[in-house]
Amino acid sequence: MARVAFRWTVLTVMGVFFLLPLVAMAEFSTRDPETWPLLLDWPRLSADYPALAEGILASLAQAALTTVLMLVLLVPTAIWVRLRLPKVRPLVEFLCLLPLTIPAIVLVVGLAPVYAWVNYFVGGSSITLVFAYTILVLPYAYRAIDTGLSAIDVKTLAEAARSLGSGWFTVIVRVVLPNIRSAVLSAAFLTVALVLGEFTIASLLHRTNLQVAIDYLGKSSATVSVAVSLAALLFAFVLLIVLSLAGSVSAKGKKS
Amino acid sequence: MTGVAVHLDGLRRTFGTVHALDDLDLSIAPGELIALLGPSGCGKTTALRILAGLEEATAGRVLVGGKDITALPASKRDMGMVFQAYSLFPHLNARQNVEFGLRLRKRSLQRAVEMLELVGLSGFEDRYPNQLSGGQQQRVALARALAIEPQVLLLDEPLSALDAKVRVQLRDEIRRIQTEVGTTTLFVTHDQEEALAIADRVGVMRSGRLEQLAAPAEVYLRPATPFVADFVGISNRLPGTVDGETVEVLGTRLPLVGAHSGGPVTALVRPEAITVTPDADSTAKVVTSSFLGSLSRVTVTVGDHLVVAQVPSGDLPELAQGAPVRLTIAPLAVVVE
Chain S
19 MARVAFRWTV
29 LTVMGVFFLL
39 PLVAMAEFST
49 RDPETWPLLL
59 DWPRLSADYP
69 ALAEGILASL
79 AQAALTTVLM
89 LVLLVPTAIW
99 VRLRLPKVRP
109 LVEFLCLLPL
119 TIPAIVLVVG
129 LAPVYAWVNY
139 FVGGSSITLV
149 FAYTILVLPY
159 AYRAIDTGLS
169 AIDVKTLAEA
179 ARSLGSGWFT
189 VIVRVVLPNI
199 RSAVLSAAFL
209 TVALVLGEFT
219 IASLLHRTNL
229 QVAIDYLGKS
239 SATVSVAVSL
249 AALLFAFVLL
259 IVLSLAGSVS
269 AKGKKS
Chain B
3 MTGVAVHLDG
13 LRRTFGTVHA
23 LDDLDLSIAP
33 GELIALLGPS
43 GCGKTTALRI
53 LAGLEEATAG
63 RVLVGGKDIT
73 ALPASKRDMG
83 MVFQAYSLFP
93 HLNARQNVEF
103 GLRLRKRSLQ
113 RAVEMLELVG
123 LSGFEDRYPN
133 QLSGGQQQRV
143 ALARALAIEP
153 QVLLLDEPLS
163 ALDAKVRVQL
173 RDEIRRIQTE
183 VGTTTLFVTH
193 DQEEALAIAD
203 RVGVMRSGRL
213 EQLAAPAEVY
223 LRPATPFVAD
233 FVGISNRLPG
243 TVDGETVEVL
253 GTRLPLVGAH
263 SGGPVTALVR
273 PEAITVTPDA
283 DSTAKVVTSS
293 FLGSLSRVTV
303 TVGDHLVVAQ
313 VPSGDLPELA
323 QGAPVRLTIA
333 PLAVVVE
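If you're matching them up, the sequences are chains S and B in order.
Those letters in the first sequence? Residues 19 to 274, per the numbering used here, in order.
Those letters in the second sequence? Residues 3 to 339, per the numbering used here, in order.
You may find that some hints are simply not true.
Unchecked claim - List of simulated lysine to any residue pairs, SDA-like, C-alpha gap at most 20 angstroms:
1. B:K108 / S:G185
2. S:K173 / B:H93
3. S:K105 / B:T16
4. B:K78 / S:F187
No lab work stands behind these hints: they were computed from the structure.
Quick caveat, the model's predicted, so the values are computed rather than measured.
Only chain B is shown next, with the shape it has when bound in the complex:
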């Protein structure tokens, strides 16, 4: 199966005076998986629901495979969808749930068994939703969505109700299956790690608009705006001075993302770009040090500023509160505001 191109053209959705979507343009290439990432209320789910036909746009067009489907009802759009809430039909077992769309299309029911096998649920065909775990239910929902061979697969925070371990497992599996079947996919999430791990491109949304749409590494390493930087986990806002194409932060010259006219700025520095080493002569002091497993998070005061560093636990000497340390910043490009 080959995917189709999807194009959201100037989508607008208003609820009273609130703009849930504000002229959103988004193109998804055939077979591509795009993750829309953003905080609650940024419009990511609204965009997905308009693409699914479950909500109407106030203005704009939805094009799938070059065809304008804006006015088409959800039932005629040929899209598979997995919801955040468990959406299996409680009165049908796993196999019957997957067969539901196939029966409506009068297609071979054999595919239901194949799809359950694809999502790793062979042997669970006769179980009812209440006899399946949350992760298994979402797998069946995925099998059900894919069984109808949809033109587009829509995933609306399908992992958010699951526990951490299952979430990572199923995330990887969704990516494997999506790559295998090649369906164009839109994945909506508020979890940056999930978006970066699964997508070909990540779209970071804010107030109904796309702030940045780029490959995960690009979004992570070169966030286009302070909002994106903040959302993908950069928590240090440190004073700096721009000089040409670099910015000086805590005595280190770092490359700049984008252009800036110069002068004093606030630089957004990633915690994992900072390393901490004991140094009796330093004025920087440890405030807290928390062990997070493979990583440790150290908070240090430098002058009036708090700096958070995230370092591999194995590299970190024992640091008592108030211990003097030296901070080194890796020369990665930073965003300034």
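Isolated chain S, as found in the complex:
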């Protein structure tokens, strides 16, 4: 009995801890009934809050491009390391986990001179943050993809495909990728969630994205800024729910 009471107490405290700020945000952002309809009216939003609209577009583009770049770089690398260079795996794992241990501010100090060159060659567009974000998402994306690869016998599947006449490209695209689909989806969703929530690097490198725009907006229109924050948070929640649903559907499919 005491155990049940303890469990409920912990759950209640945790629930209040996590939900209270959200409820407060929802309450605050609905004080002006115009706020939420505005978020769904893109032409009006971009006319009234051009900086916010720019931030949203920049973040969406950054999320999409970071996901593509991450997948293009990481998936073949992870597969190749498993198939051909298993001895290098601990090193690759270490390198991929490194961004997790380096504080964002330190990363920016290192990235600043690099971005001086990026500015020089590519320009100062906020889309260039994609390079930094690809490094930032490595720990999460690598873990997700590596876990997916551990769940299948990549070596045997690749050898079977090669003996049937597949080149390496076909092996990766037609044999390995379809079998780590949910892992790739996880990596993609985590990337999107992380990029949409990123503030430090964008702000310190003087580029814009959703979080930077929200920060600016907070100074002039607190209600809209809180509403947008809540909407971004809900979007991330939805992504994570879709992710766990995708995972359970694929697990169900594999059961005999």
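With the hints as your guide, set chain B onto chain S.
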């Protein structure tokens, strides 16, 4: 379809200081099924993987149909392979798995259905690998390997993950299908019974070399070396004396495999060559008697030696521990060392 000749010429493969293959020469005739038999680490799988192009040889050549394919990648070798581990693509059903190689070659997909029929899996086309038993998965893998009409079929211990009954069934079926399609085949196994049952010729390997390559009956009845004799199930090592072309073991003269200079030797005698009959005057005594179904295994002490005999259970009287028995050895040729 007619098979092609395969020739492994002086194949060597070294891993650091270990010689997995040590100048291996092996010729497979068109349409022939050769089983490479040997303990773990003897190099049999390495030889097969080099033939498949999945591993590179340190030295030597691989010739298929007279063409040197040593430098050709696995994807261009035109070989069908069945692996020890289940290797069906989990995201494709049985039919799609068999179609995989056909699509790459832009051939008619109708053949996939025919191949599934050949391996006895009509009606299972839409099942995914996780809905098939181990034996069924290996059948689909065999159909997939054969669908592309490969020049050579490579079987890397395809039955070792299956239970005993399915193993025997599928073994016989592999032989039937291989004979039917006539593909030159290399079969790797560590199971002597499997190798002897399925192959035209059996190659017994040890430390990267072939100890003997001969027809199954030859390997079984006239093993070339003590290692081969030991590996194909001869467990009795009995003292004997060589005299000319015969050797005397436990008072029986037996023909000799190969030549020997004479004198005292250890003879390797097969358990099924020994019969056991109760004899109150004998000094040989029963130690254990185990019933194995159609056969029984009796261990007997003769002087300081333990002798194992394997006799049909129906011919065997009840033998208590310590019962005196007489041993008779059938006059089959034996190997000595």
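Hint check against the structure, violated hint numbers in rising order: Of the numbered hints given earlier, the structure breaks none, since each of them holds.
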